[in-house]
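For the sequence shown, this note's numbering assigns the number 202 to the initial residue and increments by one for each residue that follows.
Hints listed in this document are in silico derivations from the structure and should not be mistaken for laboratory results. All values reported here derive from a predicted model rather than from experimental measurement. Glycine residues also receive a C-beta, built at the ideal position from the N, C-alpha and C atoms. Don't take each hint at face value.
As the list claims (entries may be wrong) - Here are the computed lysine-lysine pairs in the BS3-like style, where the Cα-Cα straight-line distance is at most 27 Å:
1. 346 with 315
2. 316 with 276
3. 332 with 316
4. 316 with 393
5. 332 with 315
6. 332 with 346
7. 288 with 276
8. 393 with 311
9. 346 with 393
10. 360 with 346
11. 288 with 332
12. 288 with 237
13. 288 with 315
14. 316 with 346
15. 276 with 265
16. 332 with 311
17. 288 with 265
18. 311 with 265
19. 276 with 332
20. 360 with 315
21. 237 with 315
22. 311 with 346
23. 288 with 316
24. 265 with 237
25. 332 with 393
26. 311 with 288
27. 315 with 276
Said to hold, decoys possible - Pair by pair, the computed Cβ-Cβ distance ranges are:
28. 379 with 335: 32 to 40 Å
29. 226 with 358: 40 to 48 Å
30. 240 with 386: 40 to 48 Å
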Amino acid sequence: MSSTEEDVNELNSWIEEADARLIFHIDWAVRTQGCKRAVIISNDADTMATILRYMYHFCQHGLKELWQQYGTGEKRRMIPLHNVADKLGFDMSRIIIKSHILTGCDSMSKIGSKKASLVCDPVQFLSRFGKSSSISEDDETLAEKYLVRVCAGVRSSTKAETFDQLRLAYYLSGIGIDTLPPTSSVIRGHIKRGAYLVHQACTLLSNTQTFDSKAM
Numbered sequence: 202m203s204s205t206e207e208d209v210n211e212l213n214s215w216i217e218e219a220d221a222r223l224i225f226h227i228d229w230a231v232r233t234q235g236c237k238r239a240v241i242i243s244n245d246a247d248t249m250a251t252i253l254r255y256m257y258h259f260c261q262h263g264l265k266e267l268w269q270q271y272g273t274g275e276k277r278r279m280i281p282l283h284n285v286a287d288k289l290g291f292d293m294s295r296i297i298i299k300s301h302i303l304t305g306c307d308s309m310s311k312i313g314s315k316k317a318s319l320v321c322d323p324v325q326f327l328s329r330f331g332k333s334s335s336i337s338e339d340d341e342t343l344a345e346k347y348l349v350r351v352c353a354g355v356r357s358s359t360k361a362e363t364f365d366q367l368r369l370a371y372y373l374s375g376i377g378i379d380t381l382p383p384t385s386s387v388i389r390g391h392i393k394r395g396a397y398l399v400h401q402a403c404t405l406l407s408n409t410q411t412f413d414s415k416a417m
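From just these sequences and the hints, can you work out the full model?
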């Protein structure tokens, strides 16, 4: 080890997921080192969604630019996440991690498309989702309504509010049984797991975030 290297206690964490650990490193660089610009090299959409959740926190502590190098070779590009957060706005930039996890991430099954997950009003359905370590029946219901819309697609005019209703509608329309969406009981298990992961992702800096303790 070089004599200039040192162990930073603030960066020691039990969290193994690299996407989550990045948040601690950025927070430390911004708050204690006065970092104004940061560059993250990652081809993982999970990284982008997680960083967007904390972008306003970083900016309030002095960060001006946060770039993510995404892709490889000729498809490699630099994404200005600070600009993305500005365009999305406060609520949407903080909700994206919730919609991303629920519609498919590294540890969750895919449901619908990412385009649909953004268009189907996640702010309306997921504002309270994952705020506590346990999920209420009302929040489960709202999450299922949201996922029904995402699963049905942007152009769908379905009136279904549960996956059981959506399955029935698809079955009556002549869709093969092997292509039907999951049942409500299965999707509720998916939602519970998603709520746990969202709560973890949204409370990484719970001891340092004081600017909006009521918003998640």
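Can you confirm whether the C-alpha distance between residue 332 and residue 315 stays at or below 27 Å? Measuring from Cα to Cα gives roughly 22 Å; hence the hint holds.
For the pair supplied as a hint, residue 316 and residue 393, confirm whether the alpha-carbon distance does not exceed 27 Å. Status holds; Cα separation ~23 Å.
Hey, residue 332 versus residue 316, does the alpha-carbon distance stay inside 27 Å? Roughly 24 Å between the alpha carbons, so the hint for residue 332 and residue 316 holds.
Please work out if residue 276 and residue 332 have their alpha carbons no farther apart than 27 Å. 37 Å, violated
Residue 288 and residue 237 were given as a pair; does the straight-line alpha-carbon distance stay at or below 27 Å? 20 Å, holds
Keeping to a limit of 27 Å between CA atoms, is the pair of residue 288 and residue 315 held or broken? Distance of about 17 Å is within 27 Å: holds.
For the range 32 to 40 Å, tell me whether the beta carbons of residue 379 and residue 335 fit it or not. 35 Å, holds
Does the Cβ distance between residue 226 and residue 358 fall inside 40 to 48 Å? At 45 Å between Cβs, range holds.
Below or equal to 27 Å on CA atoms is what counts here, so check residue 360 against residue 346. Holds, because 10 Å separates the two Cα atoms, which is no more than 27 Å.
27 Å limit on alpha-carbon distance, applied to hinted pair residue 311 and residue 346: 16 Å, holds
Check whether the Cα positions of residue 346 and residue 315 lie no farther apart than 27 Å. 16 Å, holds
Residue 393 paired with residue 311 [C-alpha distance capped at 27 Å]: Roughly 15 Å between the alpha carbons, so the hint for residue 393 and residue 311 holds.
Of the numbered hints stated above, those contradicted by the structure are hints 18, 19, 21, listed in ascending order.
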